[in-house]
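Enquirer: Chains A and B, in that order, are what the protein sequence lines are. Counting along the first sequence from 1, when you hit position 101 you're at 110 in the working numbering, and nothing is skipped either side. Counting along the second sequence from 1, when you hit position 79 you're at 88 in the working numbering, and nothing is skipped either side.
Any given hint could turn out to be false.
A pair holds if it fits inside one copy or across any two, identical chains being indistinguishable in the list.
Below, simulated DSS-like cross-link-like pairs (lysine-lysine); rule was C-alpha separation at most 27 Å, straight line [claimed, not checked]:
#1 K107 <-> K70
#2 K116 <-> K15
#3 K122 <-> K107
#4 K116 <-> K60
#5 K70 <-> K122
#6 K60 <-> K122
#7 K107 <-> K15
#8 K15 <-> K49
#9 K49 <-> K60
#10 K70 <-> K116
#11 K107 <-> K49
#12 K122 <-> K15
Source of the hints: derived by calculation from the structure; they are not laboratory data. Computed from a predicted model, the values in this text were never measured in an experiment.
Number of protein chains: 2
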Amino acid sequence: MIISTKGRYAIRVLLDLAERCSGDYIPMRDIAARQELSLKYLERIVPLLSKSGLVEGVHGKGGGYRLAIDPGECSLWQVLILTEGDLAPVSCLECGAKPCERSAACKTLPVWKELDRRIRDYLQSVTLRDLLETNPADHYVI
Amino acid sequence: MIISTKGRYAIRVLLDLAERCSGDYIPMRDIAARQELSLKYLERIVPLLSKSGLVEGVHGKGGGYRLAIDPGECSLWQVLILTEGDLAPVSCLECGAKPCERSAACKTLPVWKELDRRIRDYLQSVTLRDLLETNPADHYVI
DNA sequence: CATTTACATACTTATTTAGTAGGTTGGTAG
DNA sequence: CTACCAACCTACTAAATAAGTATGTAAATG
Numbered sequence: 010m011i012i013s014t015k016g017r018y019a020i021r022v023l024l025d026l027a028e029r030c031s032g033d034y035i036p037m038r039d040i041a042a043r044q045e046l047s048l049k050y051l052e053r054i055v056p057l058l059s060k061s062g063l064v065e066g067v068h069g070k071g072g073g074y075r076l077a078i079d080p081g082e083c084s085l086w087q088v089l090i091l092t093e094g095d096l097a098p099v100s101c102l103e104c105g106a107k108p109c110e111r112s113a114a115c116k117t118l119p120v121w122k123e124l125d126r127r128i129r130d131y132l133q134s135v136t137l138r139d140l141l142e143t144n145p146a147d148h149y150v151i
Numbered sequence: 010m011i012i013s014t015k016g017r018y019a020i021r022v023l024l025d026l027a028e029r030c031s032g033d034y035i036p037m038r039d040i041a042a043r044q045e046l047s048l049k050y051l052e053r054i055v056p057l058l059s060k061s062g063l064v065e066g067v068h069g070k071g072g073g074y075r076l077a078i079d080p081g082e083c084s085l086w087q088v089l090i091l092t093e094g095d096l097a098p099v100s101c102l103e104c105g106a107k108p109c110e111r112s113a114a115c116k117t118l119p120v121w122k123e124l125d126r127r128i129r130d131y132l133q134s135v136t137l138r139d140l141l142e143t144n145p146a147d148h149y150v151i
């Protein structure tokens, strides 16, 4: 598993916000209820999105969150690196990993790099808007 | 991280065996030394490959392991599912995960399925032989 | 029978995951 | 001004996973 609940929930919150972007602020309490997720847990996740300017939060009555970006301009990759920190498929590619002495001769490293690239490419190619337009019923398992 | 040391070490062991497949049995002690990996840890990993017929082990003096398959016929995916059990990018896709009640309406699920498919496709497309032929120096980071 | 090597089981230590608990800060309505 | 609401912060916890170690047993060879 590369992507934990943190990243998945973050995307669901953003989609929920995108689906009802009237300009009003939507309290996390509502989103947690709709998405059937722990409010307390979401309250730990969403500030990560807030700090990076993906959403803006307003305190107090009538407050809540509002999408601060165009869903078409926000890729899943962008969201996931905020919450997961890193999506490296192997620990040797994690940012901050101490450089491996065998890397120059490592026959497997190129595969991990290519896998990493493919994962990043795909997740960068999918935006929140793409998911909004998705009708899950259109997809069937092959 | 989807792929732990278990899977990565398994591949390195298989490559080591493939590089010197004279028909002789090669003791894990030698491979551990060459690859600079813990012998004891490898002794826990390699039986997984042995049970599935990727390698054959022979006890006693002159014993060790020998590749039992054609490196060109063995994909990395095949090796990794043996050692990792599962390479699902999200827990909802892990085999044995309890089916999610929201899955029919879940707008994110198709993305995870497609990501899963791309990871599997790539890892199925790379064989041990491909890695043998690899000269790591040919690859540069972009 | 002694040595060598594969194979098995149980433990350990650190980290990560998926939250909970309990508060503080800032803004709104009455 | 005060009650309320909602964002935000910090610390904690329980369970699982990762990455090994330790200590054996089983089988083959010389």
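Enquirer: Now tell me, hint by hint, if it's right for this structure.
Expert: Results of checking the hints against the structure:
For the identical chains of this complex, K107 and K70 are neighbours neither inside a copy (48 Å) nor across copies (38 Å), given an alpha-carbon limit of 27 Å. Taking CA atoms no more than 27 Å apart as the test, K116 paired with K15 passes between copies only; the shortest distance there is 16 Å, against 33 Å inside one copy. Taking the closest pair of Cα atoms, K122 and K107 come within 27 Å of each other only inside a single copy of the chain (16 Å); across copies the shortest separation is 32 Å, beyond that limit. Taking the closest pair of Cα atoms, K116 and K60 come within 27 Å of each other only across two copies (25 Å); inside a single copy the shortest separation is 40 Å, beyond that limit.
In this assembly of identical chains, K70 and K122 lie within 27 Å of each other by CA distance neither inside one copy nor across copies; the values are 48 Å within and 40 Å between. With identical chains, the CA atoms of K60 and K122 are never at most 27 Å apart, being 30 Å at best within one copy and 30 Å at best between copies. Taking the closest pair of Cα atoms, K107 and K15 come within 27 Å of each other both inside a single copy (26 Å) and across two copies (19 Å). In this homomeric assembly, K15 and K49 come within 27 Å of each other (Cα to Cα) only inside a single copy, at 12 Å, whereas the closest approach across copies is 35 Å.
For the identical chains of this complex, K49 and K60 are intra-copy neighbours only, at 18 Å inside a copy versus 46 Å across copies, given an alpha-carbon limit of 27 Å. Taking the shortest alpha-carbon separations for K70 and K116, neither the intra-copy value of 58 Å nor the inter-copy value of 30 Å comes in at or below 27 Å. For the identical chains of this complex, K107 and K49 are inter-copy neighbours only, at 24 Å across copies versus 35 Å inside a copy, given an alpha-carbon limit of 27 Å. Taking the shortest Cα distances, K122 and K15 sit within 27 Å of each other both inside one copy (24 Å) and across copies (18 Å).
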